[in-house]
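Chemist: Following the hints, complete the assembly by docking chain B onto the known chain A.
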Amino acid sequence: EPEVTQTPSHQVTQMGQEVILRCVPISNHLYFYWYRQILGQKVEFLVSFYNNEISEKSEIFDDQFSVERPDGSNFTLKIRSTKLEDSAMYFCASSEQGTTEAFFGQGTRLTVV
Amino acid sequence: RKEVEQDPGPFNVPEGATVAFNCTYSNSASQSFFWYRQDCRKEPKLLMSVYSSGNEDGRFTAQLNRASQYISLLIRDSKLSDSATYLCVVNPDNAGNMLTFGGGTRLMVKP
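The listed protein sequences derive, respectively, from chains A and B.
So in our numbering, the last spot in the first sequence is 113, and the numbers never skip.
So in our numbering, the last spot in the second sequence is 1111, and the numbers never skip.
Calculated cross-link-like contacts (lysine to aspartate or glutamate; reagent style DMTMM-like; alpha-carbon spacing at most 25 Å): (1) B:K1079 x B:E1015; (2) B:K1045 x A:E101; (3) B:K1045 x A:E1; (4) B:K1045 x A:D86; (5) B:K1042 x A:D86; (6) A:K57 x A:E68; (7) A:K42 x B:D1093; (8) B:K1045 x B:E1015; (9) B:K1002 x A:E56; (10) A:K57 x B:E1005; (11) A:K42 x B:E1005; (12) B:K1042 x A:E44; (13) B:K1045 x A:E44; (14) B:K1045 x A:E96; (15) B:K1045 x A:E3; (16) B:K1079 x B:D1039; (17) A:K42 x B:D1007; (18) B:K1042 x A:E96; (19) B:K1045 x B:E1005; (20) A:K42 x B:D1082; (21) A:K57 x B:E1003; (22) B:K1002 x A:D62.
Computed beta-carbon distance windows for the label pairs: (23) B:N1065 x A:V113: 42 to 48 Å; (24) A:V24 x B:D1077: 35 to 41 Å; (25) B:N1027 x A:S9: 33 to 39 Å.
Calculated directly from the structure, the hints in this document are not laboratory data.
Where is the CB? At the ideal position from N, CA and C, for every residue including glycine.
Isolated chain A, as found in the complex (with noise of 0.2 Å):
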C-alpha cells in the first residue's frame, strides 16, 4: 500500500536554529500538506501545496516557515530560527486531485531546546 514517508523521525535542535523536515507523499498525488500537533493538542493545519505553489496557508504559517518541492518527490518544510515553541509532531500529507481524503506520514517529532 503506497504511503507518505516521512524523515528525519526525530530532530532535536537548539533554539534559533533552522531545520529541514523532509517528506516523500504518495506518487500520484498532487496535493500536499504540513500539518502540526503539540502534544496533548489538537492537529493544526500549517499549509497546502499545488502545482509548484502554496494554495493555502494558516495564520501559524508565518514568515519563518517555508516549503519546497525540490525535485519530482520530496516536500520539504523549513522553518528558520526555530523557537521553543515550535516543538511538536510535524505531519506530511498528501492527496489526490479533486478529492480531500488526505493521507498522513508518521510524522516527525521536532524538539526544540
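Modeler: Just chain B now, kept in the frame of chain A:
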C-alpha cells in the same frame, strides 16, 4: 465557538459493546467530512469519509446531519484494537483542501 467540537472522553467500554461519538461543526458551508483514527503519538489514519446519505464500513457507521451540523460515528462489536482517539475532521469550505480537526474523542475498550 470552536470550529469542530468533540467530547474528549474517555469512553470506557467493554469488548463487544456498541459506542457512538458525535461531533459538531460551526461552518454551515462545510462540504467534506471525515473520521480519522489516531493511536498514541502516531499519525492520523483515515477511517472513513462521511457522506450525506450516511455510510457503513464493516462495524463502523458514519452519519451526517447538515441541518444540525453534526456528524456521528457508531462502532459496533468493539474490539480491543479499536482503542484509540477518534478525530472528527472537516473541510470548512471546499474552496481549498485544508482540513480542520476536532480535538478527538478517546476510546478505551476493555476486556
